[in-house]
Each structure stands twice: as structure tokens, then as C-alpha cells.
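Starting from the structure of chain A, add chain B where the hints point.
The listed protein sequences derive, respectively, from chains A and B.
Residue numbers 1 to 220, in the UniProt record's numbering, belong to the letters of the first sequence in order.
Residue numbers 1 to 400, in the UniProt record's numbering, belong to the letters of the second sequence in order.
It should be emphasised that the hints constitute simulated quantities derived from the structure, not laboratory data.
Cβ atoms here follow ideal geometry from the backbone N, Cα and C, with glycine treated the same way.
Please note: incorrect hints may appear among the correct ones.
Claimed, not checked - Far from chain A by the CB rule (all over 10 Å, computed), these chain B residues:
1) V84
2) S184
3) F205
4) Q275
5) D307
6) C328
7) H348
8) N351
9) L372
10) A389
As the list claims (entries may be wrong) - Just some of the chain B residues that point at chain A, by a computed CB distance under 8 Å:
11) L153
12) L157
13) D273
14) R356
15) A360
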Amino acid sequence: MSVQEVLPLNGVATGQAGQFRADHLLVAEMVKPGSKVLDVGCGDGDLLQLLETRGIDGRGIELSREGVNRCVAKGLAVVQGDADTDLVNYPDDAFDYVILSQTLQATRQPRVVLENLLRIGRHAIVSFPNFGFWKMRLQLLIGGHMPRTENLPATWYDTANIHFCTIKDFVQLCDEINVKMERSVALDLYGRPVPLNLPWWVWNMFGEQGVFLLSRGGGK
Amino acid sequence: MGSVTSIPSPAISADDRSHEVDHPSSQVAHFGADQPLRLDCGIDLTPFQIAYQTYGELNADRSNAILICHALTGDQHVANVHPVTGKPGWWETLVGPGRPLDPQHYFIICANVIGGCMGSTGPASINPATGKVWGLDFPVITIPDMVRAQAMLIDRLGIDTLFAVVGGSMGGMQVLQWTAAYPSRVFSALAIACSTRHSAQNIAFHELGRQAVMADPDWHNGGYADRGIHPHRGLAVARMAAHITYLSDAALHRKFGRRMQDRELPTFSFDADFQVESYLRYQGSSFVERFDANAYLYLTRAMDYFDIAADHGGVLAKAFAGIKTRFCVVSFTSDWLFPTSESRALVHALNASSARVSFAEIETDRGHDAFLLDVPEFFDISRAFLHSAGKARGLTSRDG
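Chain A extracted, bound-state conformation (with noise of 0.2 Å):
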């Protein structure tokens, strides 16, 4: 896999920074201005609204319907549907990235979903937290719980998040439907950049998440 430069933000103005998440920044700058772009799984369409400012024609999906009025009620283009069921209803090629932030791990079929993302968009780019990351290796090594996080509060029988995977787990998932990783970042348990001159497995150890920039492979 090809593991680019991490760069800085360029285009993000220090005043948004702190009002925007670090992933949502991070894939801001991964979509070139003036493209088409659909975020899949937008709940209350901040990643939209940061994309807007950036000249950047966003549409959303989302679930829930409390998600979608808050998104309609901001101006936003946004539909109330499901990653599993409704992508099927785009055609090839209608935006120039498809991104889905942080809901990989709450399809039901993550393969279906991630292979529909490149079909529809020439680009996808896919954030999900890391399974691998060393708290939760600890809390099932040492606590023998299922872990939890900050950011995945969730207890296990009322999680949304029913296919957790570490970016080793993704990586091969990619490999095996014949996806290229274009940029690969993993941020830390604070949002920054895990360095990128260290070795892979430290990265499935210290990235809190993974965000990964993805085109279509060439044929097999």
C-alpha cells in the first residue's frame, strides 16, 4: 500500500479549526475545491457545513430523521436513507467523493457499502475508529470487557457499531476488492497525526481512527 505524506491543512482557516472536528478537518482537505461530494451517514451535517465554506457542492445521507431536519433546517442538501439500502438508488460516477465519517462500523454489510461508495463516487473517503487502537487492546487484555472509549461510549448491547474492524483489518479489506489507498492518516487519541516515519503496526496501535483516502484499483 502506498502511504503518502501527511499534510498539513491548507485552506482551514485557524479560526474553524477549533470549532471542527480534527477527522473532519483532515477530510476537508483531502476533497479538492469546487468538486461534488455526498457524505454518507452526515448526521447533523457539520462535515457539509465545513465542506461549504470551501466551495465544495455537498449532499447528505442520514438515518435518522432528527439528523436530517437539523441538516434540511441549516440549508443543507441532505435525504433521510440508509448506507445499506439506499446507495444502490445513485448511478455511477455522480460525485467526485463519496465520504463516510465514522459509520463504516455501523452497516451491515461494510463490504457492500464501501464497494457501492467507488461506484458512485471516483473517490471515497472513509474514516472509522480503530478497534486496534492500545485502550482498547487493554480493557479486552486486561479489564476482559468489551472496550470502551471517549468517543464510543456505547455499551455493547445497545451499541449502533456491530462491525468494528482495526485498520489492519481494513487495509486487507481493501486489498481484497482490489480498492487503492491513495493517503492513509491515523490520528491519535487528541486528533493529530500519528508519525508518519514509524512503522505500520504502531500506527493499528496508536491511531484512535483511521481516515484513508480510496480510488478504484486498476483490473486484476
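Just chain B now, with coordinates in the frame of chain A:
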């Protein structure tokens, strides 16, 4: 016993109603022989007139015009006192100073539909060829016919592109027809509680209503006007049946439950013992004061025929291919007349066309009628959608 078991006679005479048909208390655009309205049934309607209301001022670059399309039994009196009933405008919850559609920011137009009975040419109008009321000689009209007539009015007003077309129910159908027929003339579209085609169940309800009208002996095969009468009993029953479809079980239960009307015990008769009966009778009798029975037949028929996909080779997405219009689709959870599934099908087609679309389903127990009522979440969404579209359109209004 007879007097209490039937629906009360209308308080307003047929004369008051028929006066509005030909001489409406609003602006009127006349279209002469040089500008016929080409109808889907193949007939050129000429001459004809369109009665319309406007609120606010058209700006210098003519970019702030909003067309409101009214529903089946609505009319052009959106935000002013109704000339027949004396009641407030039917959409004053949405339209007015400080409201999402604010005349301080927008030039708001609403026209009575072709086939209606509040001043636009319809079956209750005088047929100039005979000097008598059209009645069933009036050609059958469609939703596309209504929209074609509105486009002629918009031309007459010197407006090229509408900033927004807004409507609920049959009005929403017209909104969608506008975007399918004149995509470049509609900058944004707010389609509420509607569908791209009338369902079998909805056609069935309309047929029930029409049969109620036609079963009234005063209907006289549509020729009641010449006899100076009106089939108000049949029309009232049609309205009562339709009104039930606009509500929901939960709303009826909350509003009336099984409560009695001004009595403690059942009368063991067919009097209106229950509040819900009394309410429905009132709805029926007040409706016939302002609406023409034949117009009800024609407009329900127009809705029945509506099917945008059928006009585009059966593929709905083709109707919106390459469209630049910004859409906002709104449905209500308890609306079983135009359920959310219908809106979702529309949204899927718009997605397949890569159209810019927002879609919100609003939680309410008030049924289809919710779009006419005070539902703050609906207003927030309408306001934000128009505000966002206004920014994209370069409208400089403060908060419109």
C-alpha cells in the same frame, strides 16, 4: 327527525359563489383568441382567464418571484381574508410578514387553477359560445394543463425564472410538473406531502366523492346551474369522506375521541351524537358554500390522471434528467393519503438524476392536513431551504 339527520343547507347562496366564478375579488389575466390554452385532451381552450393574487414586490432583476400552487380545494386567497367565507387565507401559517414566505422579501403569486371555481376558467364559468355555464361541456383538464396555464400567467407578468415554486398535495403535484416541464424556469422547488402519481387508493377515494356528487338528484347530469340549484348534499358527503383522508386516526382520537356533542347520553337516533359527526357535517356544509360541485369532479379527475413517470417512458428519473433545480421534499409521518414512501420514491428518482435534493419527514400525528397547520419544524425547514436557495440565487434579503 329529517332536519337533524341531514347536513345543514349552506348559509351562503349560490349567487355569492357564482359571482366569484366570473368576477373574482382578485386580479385577473385574460387570454384571448390569440393565446389559447392547449389542453392534454387535444382541445384549445379559448378565451380563458386566470384569477390570481400577489403579495410583495417584484425586485428589479425579477429574481424573487415565488409561485404558490394551491391544493384541491384551495384557491388564490393564500394570505388574505377569503371573499366568500370571510376566513383568513388558507396558508397564513406559512405566508406573511416574518413567516418563511415573507412578502417583504419575495414577490408571491398564487393563481386559481384552470378548472377551479374562484375566477379562473372552469366548469362553473360561462361558456362564451353558448352564454351558459360550461358544466360538463368543459373539457377535462390535467395537472400539466394547470401548469401550462400558470406558465402563461408567469410570462404575462414578465417573469422568466421563478425563484421558487411551492405547494402541498395537489399543489405539490403542480410543483413537480413545473420542474419536469420547465426545469430551467424553476430555481428551487418545495414539494410537500405529494407524489409523482396518484395511487390506486387515492383514485378510489376520489371516485367515491364523485359518485356522491353524481348521486345527488340536484346534480342533473352536471346541468344544475341552469336550474339555479346546487347539489350541495352530494358535494358535502364527498367533502366529508375526503376530509377523513386528510386526518389520521390519532388526530381524530385526540381531537374528538368518543365525546358526545352537547349531550351526556346517546339519543338513540341518527342525530349527530358524537362530536366527530358534528365536525364532519360542519366541514361538509361549510365547503359547499364556497365550492362548485362540477369543479370538484374536474379537479379530482386531474389528480387521478397525474403520473409524471408515465409521461417519460415509465422511468421517473428521466423526468428530471440533468435538472439544476434545487429540491426540498417534505412528508409527514401520519399522512396516509400521500405517505412518506411516495416522497421517498421521488427522492430516489431525483438522486438517480443527481439533482440537488433535501428530504425531510416530519413527525406529527395530524395526517395529510399537517402541511396547512402550525408545524414549527416544517416552517424551520421551509425557511432554511428558501434562505439557502436565496443565497445561491443572489437574493440580498436579510433573512429570507
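Q. Which hints from the list above does the structure break, by number from lowest to highest?
A. 6, 7, 8, 10, 11, 12 and 13
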